[in-house]
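Heads up: the protein sequence lines correspond to chains A and B, in order.
Just so we're aligned: 319 in the working numbering is position 319 of the first sequence, and the numbers increase by one with no gaps anywhere.
For the working numbering, add 1000 to where a residue sits in the second sequence, where the first one is 1.
No lab work stands behind these hints: they were computed from the structure.
Note that this is a predicted model, so its numbers are computed, not measured.
Treat the hints with caution; some may be incorrect.
Cβ-Cβ distance ranges computed for the label pairs, FRET-style [unchecked claim]:
(1) A:Lys74 to B:Leu1039: 41 to 49 Å
(2) A:Phe234 to B:Ala1253: 38 to 46 Å
(3) A:Ala41 to B:Asp1271: 35 to 43 Å
(4) A:Ala224 to B:Gln1143: 32 to 40 Å
(5) B:Arg1025 to A:Asp572: 47 to 55 Å
(6) B:Arg1025 to A:Thr568: 40 to 48 Å
(7) A:Ala41 to B:Asn1252: 45 to 53 Å
(8) B:Thr1188 to A:Thr109: 36 to 44 Å
(9) A:Thr109 to B:Gln1143: 28 to 36 Å
(10) B:Thr1111 to A:Asn284: 50 to 58 Å
(11) B:Leu1039 to A:Ala224: 28 to 36 Å
(12) B:Glu1081 to A:Gly474: 19 to 27 Å
(13) A:Arg321 to B:Met1001: 44 to 52 Å
Virtual Cβ for every residue (Gly too), placed ideally from N, Cα, C.
Okay, here's what each chain looks like letter by letter:
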Amino acid sequence: MTPELQERIEQIASRYPSRRSALLPALHLVQRESNGYVDGAQLAAVAELIGVPVSEAFGVQSYYTMFERRPVGKFHLQVDTNIPAMLAGAEEIVAQLERSLDIRVGETTPDGLFTLSTVECLASCGTCPVIQVNDGYYESMTPQRTDALIASLRRGVLPDLPVQANFGSVCNVLLKRRGTPNATSLAVYRQTGGYRALPIALAKKPAEIVAEVKASNIRGRGGAGFPAGVKWSFLAKNTGKPTYLICNADEGEPGTFKDRQIMEYDPHLLIEGMTIAGYAIGANLGFIYIRGEFAWIAAILEKAIAEARQAGMLGRDILGRGFDYDLVVHVGAGAYVCGEETALIESLEGKRGNPRLKPPFPAVVGLYGCPTIVNNVETLASVPFIVEHGAAAFMHIGTANNFGPKIFGISGHVRRPGTYEYPLGTPLATLLDAAGGVDGRLKAVIVGGLSVPILTAAEAEGLIMDYDSCLKSGTMLGSGGIMVMNESTSIPRVALRAIRFYAHESCGQCTPCRQGSHTVATLLDKVVAGRGTLADLDLVVRLCRTIKGTTLCPTGEAFATPIEAMVTKFRDEFAALVR
Amino acid sequence: MLSLTINDRTIEAEEGETILSAARRAGIEIPTLCAVKGLPPTGACRICVVEVAGFGGLVPSCSYPVAAGMKVQTHSPRALEARKTIVELLLADHPDDCLYCARNNACELQTLAQGLGIRQRRYRGTSLPIRLDVSSPGIIRDQAKCVLCGRCVAVCTQVVVNDVLEFGNRGAKAKIVCDADRPMGLSTCVQCGACVEACPVGALVFKEQMNCMPDGRMQTTRVTCPYCGVGCQIDMHHKDGKWIYSTATAANAEKQPNQGLLCVKGRFGLDFQNHEERLTTPMIRKDGALVAASWDEALDFAATRLGEVKAAHGPDAIGFLSSAKVTNEENFAMMRLARGVIGTNNLDHCARL
Chain A
1 MTPELQERIE QIASRYPSRR SALLPALHLV QRESNGYVDG AQLAAVAELI
51 GVPVSEAFGV QSYYTMFERR PVGKFHLQVD TNIPAMLAGA EEIVAQLERS
101 LDIRVGETTP DGLFTLSTVE CLASCGTCPV IQVNDGYYES MTPQRTDALI
151 ASLRRGVLPD LPVQANFGSV CNVLLKRRGT PNATSLAVYR QTGGYRALPI
201 ALAKKPAEIV AEVKASNIRG RGGAGFPAGV KWSFLAKNTG KPTYLICNAD
251 EGEPGTFKDR QIMEYDPHLL IEGMTIAGYA IGANLGFIYI RGEFAWIAAI
301 LEKAIAEARQ AGMLGRDILG RGFDYDLVVH VGAGAYVCGE ETALIESLEG
351 KRGNPRLKPP FPAVVGLYGC PTIVNNVETL ASVPFIVEHG AAAFMHIGTA
401 NNFGPKIFGI SGHVRRPGTY EYPLGTPLAT LLDAAGGVDG RLKAVIVGGL
451 SVPILTAAEA EGLIMDYDSC LKSGTMLGSG GIMVMNESTS IPRVALRAIR
501 FYAHESCGQC TPCRQGSHTV ATLLDKVVAG RGTLADLDLV VRLCRTIKGT
551 TLCPTGEAFA TPIEAMVTKF RDEFAALVR
Chain B
1001 MLSLTINDRT IEAEEGETIL SAARRAGIEI PTLCAVKGLP PTGACRICVV
1051 EVAGFGGLVP SCSYPVAAGM KVQTHSPRAL EARKTIVELL LADHPDDCLY
1101 CARNNACELQ TLAQGLGIRQ RRYRGTSLPI RLDVSSPGII RDQAKCVLCG
1151 RCVAVCTQVV VNDVLEFGNR GAKAKIVCDA DRPMGLSTCV QCGACVEACP
1201 VGALVFKEQM NCMPDGRMQT TRVTCPYCGV GCQIDMHHKD GKWIYSTATA
1251 ANAEKQPNQG LLCVKGRFGL DFQNHEERLT TPMIRKDGAL VAASWDEALD
1301 FAATRLGEVK AAHGPDAIGF LSSAKVTNEE NFAMMRLARG VIGTNNLDHC
1351 ARL
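Could you build the full structure based on these sequences and the hints that come with them?
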């Protein structure tokens, strides 16, 4: 390792209260500097520099999918093949790439130019198919655009292929600046009403802010829908330890691509929300844990943070009010489970992203053993509105117990897939209309990200999109990632793709999730390949029912619930495939 | 103190105690696979899940704290079904070679499966193609049999603190690695063997175990380690007069100086027992040749001659050399013999072996 590289790792390490946290960023850095992979000798050097045993460094490196241990091509093409991508024709793109590069998935071209991989959801569901090339995304890929991409890469040029992403807002809270040019700059953010809430907040007592957020009844937008203000009030008091705020920006639930709309197009909204939240809970340091694939969005955030710091909105004595607060952007490395808050904390501490046992909860024992609040991007980005306009104004949007605006990501078989900000409690039909209507006849819909039970067209009739109504209708609002499937969709294939995702993403820590997801995948693979029996289908359902409630973290439910729903609700379609 | 009910029995428990601990104290057995005595629970295997009234999901008894008024069912149909399914899932990928396994009849997975009435294989996984790791001098690793309970990692990192074993990869591809996925013999492992003792199945065994099925002729004798002065207690497992392998004495382990641990010497360094040139009786030199003698004969001979030398030349004509291979108590006895009986300070010791 060169002294210059060591110096850069030292710089990164100095940003964290614990040196160990620099392990993931250090591995990213070394990988980038050494042809896209980190070999054993480099790993040992990084381990020694950070001060962890080689075994632990290897455990971390081999846990995250973005860390390569063997050489990869100059251009690493990673095609998202998860459900929304599959519905948009990603498999055809993979086949096309295999043909034009004359390699199979997992291989590298003999000239060392290209490696082709398939990957899990890249949170680009509205602009699928998507190919990640090294650190960037190429979205809305058609066969023609794919050819153009390959032709350009052969010339050694990462081309600029413009993307038309659909969006709309009737609330103008979270997607207010979507479409405004240069909205990532502090100047435009201010001109359009930004940083009005922060001085209001800093003029009040932290407890008043907590009370206001609690009064707004905002429910966590990550998926669980737990009231954010109540979560804040669980913080352990007088521990003598620092309190941390973490923004969960690990957006990885298939079908979900809402948080990136805020971070990519309105980063200051998140920064302002996090500063207010940090002030409210008594934190002086906040982290944005962003998924590794969003490297360029992390750069947007870094730039915005630097700008805010320069303008006195972050750093020492913010706005002259005596409040010190700063933000660190921490980039993940490819692990769905890190969206679970305790796994996220482990990952932020430089470890394998294994969820922790609860209790204790992060509000009591979180990051570095200190009281910690973990909130989703969308939740934190709603805070400035609540502070500026008051809880009552927030509760004016939405329905009882389900207040506020929500970004719905609509993907699959609709004419204008994209992100749409509507009040909670909006009928599904309205949202589908906003997305241009169903392309063909609706067969089924998953309304809250992949982990919630699928609804048949009949069940989706009249569905109201809020936490309580979805629960009443036998599903969950989750992250608000709506995946629409028309009559051409094979539910058994969707189920197989879904369970393969969970089997790939299971951390492997607890038996029912590790072995269960793997076993269900094996059974469904048999069924879809025409080698299965009805008994196999019964085993799948039985396994799913038993696994629910036995796993260490919610990932067990996350796969058992939707798979059980798919097999039971579309049993005829599965049964038609068995021997 | 607080009280809760487990299986409809009222039980007193300490604040902060786990359900498992409270249950075991009350004589209610809940099976576990990943728990390591004295170490924090990992909650990984989920075998110990129990039903708690008012909870939607099952609760891992190894890690969940008791609460006043809690109502626990350890063997409800739901808990048993979950436990059985978990063991079945572990067996789905497990090789079918119990007959040839060194842990046959001493395997926790086997015992669990038997106890839960598992008589057939409902699930079949796709076993990983895994080769035996025979690279190290004393330990054989068979990852195909690994149930990923993490006990070996826990003892290696938290008890021995050698930090060699760790989890690598994730999901169904997860496996235990040495350093950066090196063969054990090429890793920084010092062959203390604590991981083998921690392993509930046949994934980690001592090489010598492979050649010797546990059967009626197998015997265990507790000895004090003949190496350094710690006084580690060893259970020597031997058969037909031959030493096979050693484990740290398990009975009252926490009261032993080694607390269930051994180093590489105590673990593997007792093979001299089996050497054909090893002395097995006292020998007396007669007419220039060594002749086997009984202990009485030998001791009488030594006492007589020592007495003669002392009478003729005084006590300081005699010196005593003791050994680190014997216990502190035996060295003390030697000192008393030298100073108290013979009356000399000519006493030395070979320090350390």
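Going through the hints against the structure:
1. A:Lys74 to B:Leu1039: 41 to 49 Å: 47 Å, holds
2. A:Phe234 to B:Ala1253: 38 to 46 Å: Holds: the Cβ-Cβ distance is about 40 Å, inside 38 to 46 Å.
3. A:Ala41 to B:Asp1271: 35 to 43 Å: Holds, at about 37 Å.
4. A:Ala224 to B:Gln1143: 32 to 40 Å: 36 Å, holds
5. B:Arg1025 to A:Asp572: 47 to 55 Å: 53 Å, holds
6. B:Arg1025 to A:Thr568: 40 to 48 Å: 43 Å, holds
7. A:Ala41 to B:Asn1252: 45 to 53 Å: Given about 46 Å between the Cβ atoms, the range holds.
8. B:Thr1188 to A:Thr109: 36 to 44 Å: About 38 Å separates the Cβ atoms of Thr1188 (chain B) and Thr109 (chain A), which means 36 to 44 Å holds.
9. A:Thr109 to B:Gln1143: 28 to 36 Å: About 33 Å separates the Cβ atoms of Thr109 (chain A) and Gln1143 (chain B), which means 28 to 36 Å holds.
10. B:Thr1111 to A:Asn284: 50 to 58 Å: Check passed, 53 Å falls within 50 to 58 Å.
11. B:Leu1039 to A:Ala224: 28 to 36 Å: 31 Å, holds
12. B:Glu1081 to A:Gly474: 19 to 27 Å: 24 Å, holds
13. A:Arg321 to B:Met1001: 44 to 52 Å: 49 Å, holds
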